[in-house]
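Position in the sequence shown counted from 1, then plus 507, gives you our numbering.
Mixed in with the good hints, there may be bad ones.
Taking lysine-lysine pairs in the DSS-like style, the calculated list, with each CA pair at most 27 Å apart, reads [said to hold, decoys possible]:
#1 652 x 636
#2 529 x 540
#3 589 x 577
#4 609 x 583
#5 652 x 609
#6 540 x 589
#7 652 x 666
#8 529 x 583
#9 529 x 609
#10 577 x 636
#11 609 x 577
Since the hints were derived computationally from the structure, they do not count as laboratory data.
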Amino acid sequence: DKDISLSGEHVREGMTCIISVKVPNPEFEGQTKTRLGNPEVRRIVEQSVQENLTEYLELHPDVLDSILSKSLNALKAALAAKRARELVRTKSVLKSSSLPGKLADCASSNPAESEIFIVEGDSAGGSAKQGRDRKFQAILPLRGKILNIERRDEAAMYKNEEIQNLILGLGLGVKVHVVLF
Numbered sequence: 508d509k510d511i512s513l514s515g516e517h518v519r520e521g522m523t524c525i526i527s528v529k530v531p532n533p534e535f536e537g538q539t540k541t542r543l544g545n546p547e548v549r550r551i552v553e554q555s556v557q558e559n560l561t562e563y564l565e566l567h568p569d570v571l572d573s574i575l576s577k578s579l580n581a582l583k584a585a586l587a588a589k590r591a592r593e594l595v596r597t598k599s600v601l602k603s604s605s606l607p608g609k610l611a612d613c614a615s616s617n618p619a620e621s622e623i624f625i626v627e628g629d630s631a632g633g634s635a636k637q638g639r640d641r642k643f644q645a646i647l648p649l650r651g652k653i654l655n656i657e658r659r660d661e662a663a664m665y666k667n668e669e670i671q672n673l674i675l676g677l678g679l680g681v682k683v684h685v686v687l688f
């Protein structure tokens, strides 16, 4: 696609490079002293890595193809996560953070004493609502089996109405966490 813009972050995602440098009078950044702060060393290392990596990738185009493929997947995942976050935000704004229509909420707003029972279907929901203690027990009926999200992208997950009801009913939000290894 012409509009695709890979960033260095997408290309570097999941990659590791270990470089050993011997520097006279090293200057370290921060209290933990885990990062070298000598600017002249940074330029030398960047130039060396660029030259050697370029040479390596020219000799091994299959590795370059793998890196590009992984980078495009990282970009697609980032875009899908962004769309999913925007969808949830839009839905939340439109619903004004309202609760799902079928949720029979409890009177208590204290999470330590509140319970939510997630039941399958309206008929089970009706029976559960009759037998609950309204002070601290909420009932959320879901229709049938919900979407199996194991092999789905985030956008498909957040578009699913039952999952949206779960997110709203449980008072959850969306937080993206990227695992690098």
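So, going through the hints one by one against the coordinates:
no.: 1; hint: 652 x 636; result: holds, 20 Å
no.: 2; hint: 529 x 540; result: holds, 16 Å
no.: 3; hint: 589 x 577; result: holds, 18 Å
no.: 4; hint: 609 x 583; result: violated, 34 Å
no.: 5; hint: 652 x 609; result: holds, 16 Å
no.: 6; hint: 540 x 589; result: violated, 34 Å
no.: 7; hint: 652 x 666; result: holds, 16 Å
no.: 8; hint: 529 x 583; result: violated, 39 Å
no.: 9; hint: 529 x 609; result: violated, 65 Å
no.: 10; hint: 577 x 636; result: violated, 49 Å
no.: 11; hint: 609 x 577; result: violated, 42 Å
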